[in-house]
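Protein chains in written order, with this note's numbering: chain G, 300 to 711; chain C, 3 to 215.
Since the hints were derived computationally from the structure, they do not count as laboratory data. Any given hint could turn out to be false.
[What the hints assert, rightly or not] Listed below are the simulated DMTMM-like cross-link pairs for lysine to aspartate or glutamate, each with C-alpha atoms no more than 25 Å apart in a straight line: (1) G:Lys318 to C:Asp73; (2) G:Lys514 to C:Asp174; (3) C:Lys7 to G:Asp530; (4) C:Lys7 to G:Glu641; (5) G:Lys647 to G:Asp305; (6) C:Lys70 to G:Glu317; (7) G:Lys302 to C:Asp29; (8) G:Lys302 to C:Glu44; (9) G:Lys668 to G:Glu707; (10) G:Lys643 to G:Glu707; (11) G:Lys309 to C:Glu44; (12) G:Lys302 to C:Asp73; (13) C:Lys70 to G:Asp530.
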Amino acid sequence: MNKTVDLKNKRIIASTHEKLGQKNRMNQTYTDVNDIFYKAEQTASFLTGSEVIREAIKRASVGTSVAYPITPQSEAAALIGEIYAEGYLDEYFRGESEFAVMGQCAGAAFGGHRVFTTTAGPGTLRAMENFPMWAGARLPIQVCVTCRGVNSPLSIQPDTLEMYYLLETGMLVWHAETAQDLFDFILKGFIVAEQPDVHVPIAVCCDGFFVTHTKDTVELPPLDLTLTPYDPYRNPQPVMDMETSPFRMMRDPFVMKSNYISYATHASWQQEIRSAVERSRKHTIPLLDGLIDEQNTDREILIVASGTAVSQSREAIRLLEEDGVKVGLVKIKTIRPFPTEEIKRVTKNAKHIFVPEFNVTGWLAREIKSIIPDNERVYEGPHVCGGMTLPCEVIVEQIKIHLGMETEKLRM
Amino acid sequence: MSQYKVLPGPEAFLPPAAASMGNVLPDPGEAHIEGEIVPVDEAYEVAARKILGAKVPTIFPGPLVLWKWNDHVAEKATALRELANEVPMRLIPMADYRPKYPKIEAEFEINPNHPNLTIWHNKIDVCIFIGVHCHMANLSLKIIRGGTNCYTIAMCAMAGHEDACLSFRDADLAMITKLREAIKKLKSEGVESQAIPFQQFKMGRTGIIEQPA
Chain G
300 MNKTVDLKNK
310 RIIASTHEKL
320 GQKNRMNQTY
330 TDVNDIFYKA
340 EQTASFLTGS
350 EVIREAIKRA
360 SVGTSVAYPI
370 TPQSEAAALI
380 GEIYAEGYLD
390 EYFRGESEFA
400 VMGQCAGAAF
410 GGHRVFTTTA
420 GPGTLRAMEN
430 FPMWAGARLP
440 IQVCVTCRGV
450 NSPLSIQPDT
460 LEMYYLLETG
470 MLVWHAETAQ
480 DLFDFILKGF
490 IVAEQPDVHV
500 PIAVCCDGFF
510 VTHTKDTVEL
520 PPLDLTLTPY
530 DPYRNPQPVM
540 DMETSPFRMM
550 RDPFVMKSNY
560 ISYATHASWQ
570 QEIRSAVERS
580 RKHTIPLLDG
590 LIDEQNTDRE
600 ILIVASGTAV
610 SQSREAIRLL
620 EEDGVKVGLV
630 KIKTIRPFPT
640 EEIKRVTKNA
650 KHIFVPEFNV
660 TGWLAREIKS
670 IIPDNERVYE
680 GPHVCGGMTL
690 PCEVIVEQIK
700 IHLGMETEKL
710 RM
Chain C
3 MSQYKVLPGP
13 EAFLPPAAAS
23 MGNVLPDPGE
33 AHIEGEIVPV
43 DEAYEVAARK
53 ILGAKVPTIF
63 PGPLVLWKWN
73 DHVAEKATAL
83 RELANEVPMR
93 LIPMADYRPK
103 YPKIEAEFEI
113 NPNHPNLTIW
123 HNKIDVCIFI
133 GVHCHMANLS
143 LKIIRGGTNC
153 YTIAMCAMAG
163 HEDACLSFRD
173 ADLAMITKLR
183 EAIKKLKSEG
193 VESQAIPFQQ
203 FKMGRTGIIE
213 QPA
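Input sequences plus hints: build the corresponding full structure.
Now the structure itself:
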């Protein structure tokens, strides 16, 4: 980097929206995100992850939400329907399929609304074509991905494989560990994604069922505060114009031409989307308190994880401590942008790096292996899939086996 | 720290985006010169020297300053004309972003999908992007750096552009005026414009109404 990006007292550039300080029809005051999180008094509530999504959207000044009522992976879309009825959103309707939902979200975002939707598992894959389209069109739509299995035979249980498919779509991809993360990431995600130098879609992911269906204590800001609305004048693209790319898609240039210039335009366009994701670091670091959390990273053994694998790892570390094995922990909060420099720094002295995951491929381990030197230090696992839980005892066992330590055989 | 310098090209068949090389945009009160973050006041004189030293310095005003969509924009456009007269600089508009190849009128317009054609045709060696939507400016700036030797300056009303050789951010009326003052000051100190004499073409609603000489 040509400049150090730091926490800056956990603040990003304050909103200058003309509605700042005004009231909306629900008598909520449009408030800068810094003030919502760092000035307002927070109140503890005991909620499911789905309810947390509802509470975040109540405070997010969302214009449109489109829902597709698939299997009960999360109740979020239905709960947002209820708050639409109460008056919190301008538009809410049901799409014909996940593909249709994401297209309808694009339409609402092209029109200048802040847009939110949810999906999961096969729905994410069915909608997939739309995600790079959103990114290419610089639409800062937020989709909450409550991860579940994607393959046949179907499963509604948690599995983070679908996140792997999202990594190169040009979206921001954040991974919440807890219900509190989920609440914070949804509100902060809108702010980062809508910065004029970023302005790309964001997938706020959480592990379905573990986060969406279980109750947790969450600190909430007052309901009479809400984010300042989306500001279409800070859009890096003109509003929808059928004569201009990306809307002018098929009739003529630059899709239909075969020459260096049209290729160069498309190449520069793709680079620009990746650049936008890179630029989000500067806004994300102060708002999320860094792209990673780290704990005892001077230790020789480290666990690096994201999502609920972090929670399981914390407990595994406590059990290992009881046996005299000291292990450090790195929690990755943003998968895109990937915390490359941060991971290089914290793993510098580690001799063994374990990456527990809730998917069959171990994609997070591969991401880490691709950026650090001496990557044979990375142990890809333990990982489970298809909705299995990842007991902390399994993490303990795998670490001990890998280190050549005696361990009791686990009985399943 | 990134060592990537954002210099005039031709850099590569497909040059990297500066952001992917680790270059970060300036914060309020800052600018960047060739990738190095500096206080904004330092950037005015560097920009002014580049502009005065150019043979074909050119302003590319985009739709956000070409069309009077609010009174502030009209003031900015007037200030821009004064800046152009001060140097003097050509004004070649980027009126919209519709792809127009292969029949672009390179003498009178620039297009974000093939900005190099206008730069090559007019032999432009220093240019200012202003009033161009950020996405379209970034699209252009990389293509220009890839294939031309033009030094690019961005006067961005938002967060700035890593892919310009020099970029201001939050550029408003006062900043345009300040750049003009920096040029005036250098001229008063004896720095002469190296611009080749030219006659600015004029356009009306029906097209060109006064051809360049």
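Each hint, compared with the structure:
no. : hint                 : in the structure
1   : G:Lys318 to C:Asp73  : holds, 20 Å
2   : G:Lys514 to C:Asp174 : violated, 50 Å
3   : C:Lys7 to G:Asp530   : violated, 33 Å
4   : C:Lys7 to G:Glu641   : holds, 23 Å
5   : G:Lys647 to G:Asp305 : holds, 20 Å
6   : C:Lys70 to G:Glu317  : holds, 20 Å
7   : G:Lys302 to C:Asp29  : holds, 10 Å
8   : G:Lys302 to C:Glu44  : holds, 17 Å
9   : G:Lys668 to G:Glu707 : violated, 30 Å
10  : G:Lys643 to G:Glu707 : violated, 34 Å
11  : G:Lys309 to C:Glu44  : violated, 28 Å
12  : G:Lys302 to C:Asp73  : violated, 36 Å
13  : C:Lys70 to G:Asp530  : holds, 20 Å
Violated hints, listed in ascending order, are 2, 3, 9, 10, 11 and 12; each of the other numbered hints is respected by the structure.
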